[in-house]
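Number of protein chains: 2
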Amino acid sequence: MNTQFPAERILLGPGPSPVSSRVLRALAAPTLGHLDPQYIAILDETCEMLRQVFQTKNQLTFPVSGTGMAGMECVAVNLIEPGDEVIACVNGVFGGRMKDVMERCGATVHTIELVWGDVFSHEQISAALEQHPKTKLVGIVHAETSTGAHQPLEGLANLVRARDALLVVDAVTSLGGHELRVDEWKIDAIYSGTQKCLSCPPGLAPVSFGERALAKMDARKSKPQSWYLDVSLLRKYYNGAGGGGRVYHHTAPVNMTYALREALAIVLEEGLDNRIARHARMHQRLRVGLDAMGLSYVPKHSLHTLNCINIPAGADDAIVRKRLLDEYGIEIGGGLGVMAGKAWRIGLMGHGSTVRNVDLVLAALREILR
Amino acid sequence: MNTQFPAERILLGPGPSPVSSRVLRALAAPTLGHLDPQYIAILDETCEMLRQVFQTKNQLTFPVSGTGMAGMECVAVNLIEPGDEVIACVNGVFGGRMKDVMERCGATVHTIELVWGDVFSHEQISAALEQHPKTKLVGIVHAETSTGAHQPLEGLANLVRARDALLVVDAVTSLGGHELRVDEWKIDAIYSGTQKCLSCPPGLAPVSFGERALAKMDARKSKPQSWYLDVSLLRKYYNGAGGGGRVYHHTAPVNMTYALREALAIVLEEGLDNRIARHARMHQRLRVGLDAMGLSYVPKHSLHTLNCINIPAGADDAIVRKRLLDEYGIEIGGGLGVMAGKAWRIGLMGHGSTVRNVDLVLAALREILR
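One line per chain: the protein sequences are D and Y, in this order.
Start counting the first sequence at 38; every next residue gets the next number (this note's numbering).
Start counting the second sequence at 38; every next residue gets the next number (this note's numbering).
Excised from the complex, chain D in its bound form (with noise of 0.2 Å):
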């Protein structure tokens, strides 16, 4: 195997997602020092184009130094206290890692679970309220990406609002591929990853806090238990700490936050709406050709950025999948969890959403499943 040059795949896998060549070219712009004023500037532009991709005006809106779970991972070590009571809405794998992750905080986390497809009701949620009205915060996942589910979200924080607790968001998926509203949908917290619908390559977890998130970590008793991600002290430096200063924490990942610059004005260029409903045309161009081919999708209500599929009767899952990248050099990821061998998951997200992607999927499945 030629390890020294990597392959051009068509990732339409869970992610990463295929990044394009300006990002590539961005991420291999010189080095610049993690304190330099250069590197500042293009750290705040990052950071106030996150703002308009995740529609907030939250001041404390940064990538954090890791992936997608280190998000999840910010978001709860920050916000929970040992012994908090927690609610985690749990219809899949990412569902089941919040209640893993807030438990490893400390707190008390009472689920609601639910067969793996379906999405949450504000019946369910209203009800779990009700029953552990202590509750300090409900964590849900928005795009589910082990089963392809798309939960939701309007309306769902007046009820926990209602019972002063925080609603804390798993966007991973759906950032700049579905429509998402941080603001107008009252979210406290809400974290993300760069390598699914930003079309960045994998590194960073872009996130964001609220008023009220912020409210609740001034007034922990305890320092949160990572230091690499205690938000107090990341935010003298994403902040700045008065006087235009900022303090040193830790050395940030100086070209990572190059290419995730380039790909947030790609994805502002496009226009977020523009490419919303790109994401939604191309779902609904894949599922035409899919429902043609008798393929049926496992969640009732589907992203548009990851389409999770039952494996047909007959078809081998790792044969298939090893075809495509071989012969097609596609990309498809393979059922999660429960889902291992009984489902593909197609992403159709950012850079990899086209006319041209779903067209190559569609004929090559044809081909190996005829």
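No lab work stands behind these hints, which were simulated from the structure alone.
Keep in mind that a hint or two might mislead.
No copy is singled out in the list; a pair is fine if it fits within one copy or between any two copies.
With a straight-line Cα cutoff of 30 Å, these simulated DSSO-like cross-link-like pairs (lysine-lysine) come out [to be verified]:
1) K223 <-> K337
2) K359 <-> K273
3) K379 <-> K94
4) K171 <-> K359
5) K273 <-> K379
6) K223 <-> K94
7) K94 <-> K258
8) K94 <-> K273
9) K337 <-> K258
10) K379 <-> K337
11) K223 <-> K258
12) K258 <-> K379
13) K379 <-> K223
14) K171 <-> K258
15) K379 <-> K359
16) K223 <-> K359
17) K171 <-> K379
18) K260 <-> K337
19) K223 <-> K260
20) K337 <-> K273
21) K171 <-> K337
22) K273 <-> K258
23) K171 <-> K260
24) K359 <-> K260
Model the placement of chain Y on the given structure of chain D, informed by the hints.
For chain Y alone, coordinates are given in the frame of chain D:
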């Protein structure tokens, strides 16, 4: 300020160090999926080269998906359980951080504190171990980036092992620039960063765990408090889960791995011994020049990779560094912690440790300080 095209600085601060065009080119290669067989092969090569640079046979040697401080946290959360007693050797900022990180893991941290710039003797560490016989691990900084002090490590493990404790080493500013023999020196767990003597952009933290550390982790009664850094999960991806398979944990920072592999290839092409000797020569060359200008070092026992010098009377810290950056394109570091305003830190790391750079920074300082 033009933020579109980052300036080409000469990075002679405490890191990031200058990144060669080879590494930048590797960084910009097409993104592969993190479970693609080609990417797994690249990752395996990277880990194998890391073993060579760490001079270890430790199977569990891999780059943590975060910056150097994530490496420190990874080692701490996996080796420490709440209530454990540990010793942290504090003679600068990074020893102090080790204490903070370990306390957040629930450890009772006993510290040995020295004047900044000094290094620890075997006697001091022996005495601390005698005083705290339940010590589970001793954490010490090989290359204290805040003071430039070079801590000798040889023979230390014997003292620590005699008490059945683990030796944990911070090698962020030494790996690839100073002699560092993980197996020969019986270091049980070690972490570093990519942006120092490896001259790769910041974003990954190479770590290595020996058998004794693994045994302690396997004997844990509780899960590590961090899911993101939980080695019992990570090793199923980095080392495989039997049968050649890899278990998805998080989406690895694919492009950063390309860059690290290229950076490590450059280290091994030069030869580790040659590279270490080059760092020693460049340090000596700088030192002679600084001496001639009447500039003195903070530590008695200086690193070759980082030169921490006292700011001469009459020089304005901020103005000198701003002039170096604006007029000469040279970044050096200011003082950190108690050294702020009192010291400059001149890094000669990896790709940046060259005759040209030594002579340039000396010439520029002579101009500015005359």
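Here is what the structure says about each hint:
1. K223 <-> K337: Result: close within a single copy only, 26 Å intra versus 56 Å inter.
2. K359 <-> K273: between (47 Å within a copy, 21 Å between copies)
3. K379 <-> K94: neither (42 Å within a copy, 39 Å between copies)
4. K171 <-> K359: Neither way: K171 and K359 sit 49 Å apart in one copy and 53 Å across, limit 30 Å.
5. K273 <-> K379: between (47 Å within a copy, 22 Å between copies)
6. K223 <-> K94: within (11 Å within a copy, 51 Å between copies)
7. K94 <-> K258: Close inside one copy (27 Å), not across copies (43 Å); limit 30 Å.
8. K94 <-> K273: within (18 Å within a copy, 40 Å between copies)
9. K337 <-> K258: neither (43 Å within a copy, 41 Å between copies)
10. K379 <-> K337: This pair counts as within: shortest intra-copy Cα distance 16 Å, inter-copy 64 Å.
11. K223 <-> K258: within (25 Å within a copy, 40 Å between copies)
12. K258 <-> K379: neither (46 Å within a copy, 35 Å between copies)
13. K379 <-> K223: Neither. Shortest intra-copy (36 Å) and inter-copy (47 Å) distances fail the 30 Å Cα cut-off.
14. K171 <-> K258: Both, since 17 Å and 29 Å are each at most 30 Å.
15. K379 <-> K359: Within. Shortest intra-copy distance 16 Å satisfies the 30 Å Cα cut-off; inter-copy 60 Å does not.
16. K223 <-> K359: The answer is neither: 43 Å in one copy and 43 Å across copies each exceed 30 Å.
17. K171 <-> K379: neither (39 Å within a copy, 51 Å between copies)
18. K260 <-> K337: neither (42 Å within a copy, 35 Å between copies)
19. K223 <-> K260: Within one copy only: 26 Å inside a chain, 33 Å across chains, cut-off 30 Å.
20. K337 <-> K273: Result: close neither inside a copy nor across copies, 44 Å intra and 33 Å inter.
21. K171 <-> K337: neither (32 Å within a copy, 57 Å between copies)
22. K273 <-> K258: within (20 Å within a copy, 36 Å between copies)
23. K171 <-> K260: Classified as both: same-chain Cα gap 21 Å, cross-chain 25 Å, threshold 30 Å.
24. K359 <-> K260: Neither. Shortest intra-copy (47 Å) and inter-copy (35 Å) distances fail the 30 Å Cα cut-off.
Violation of the numbered hints given earlier is confined to hints 3, 4, 9, 12, 13, 16, 17, 18, 20, 21, 24; the remaining hints are satisfied by the structure.
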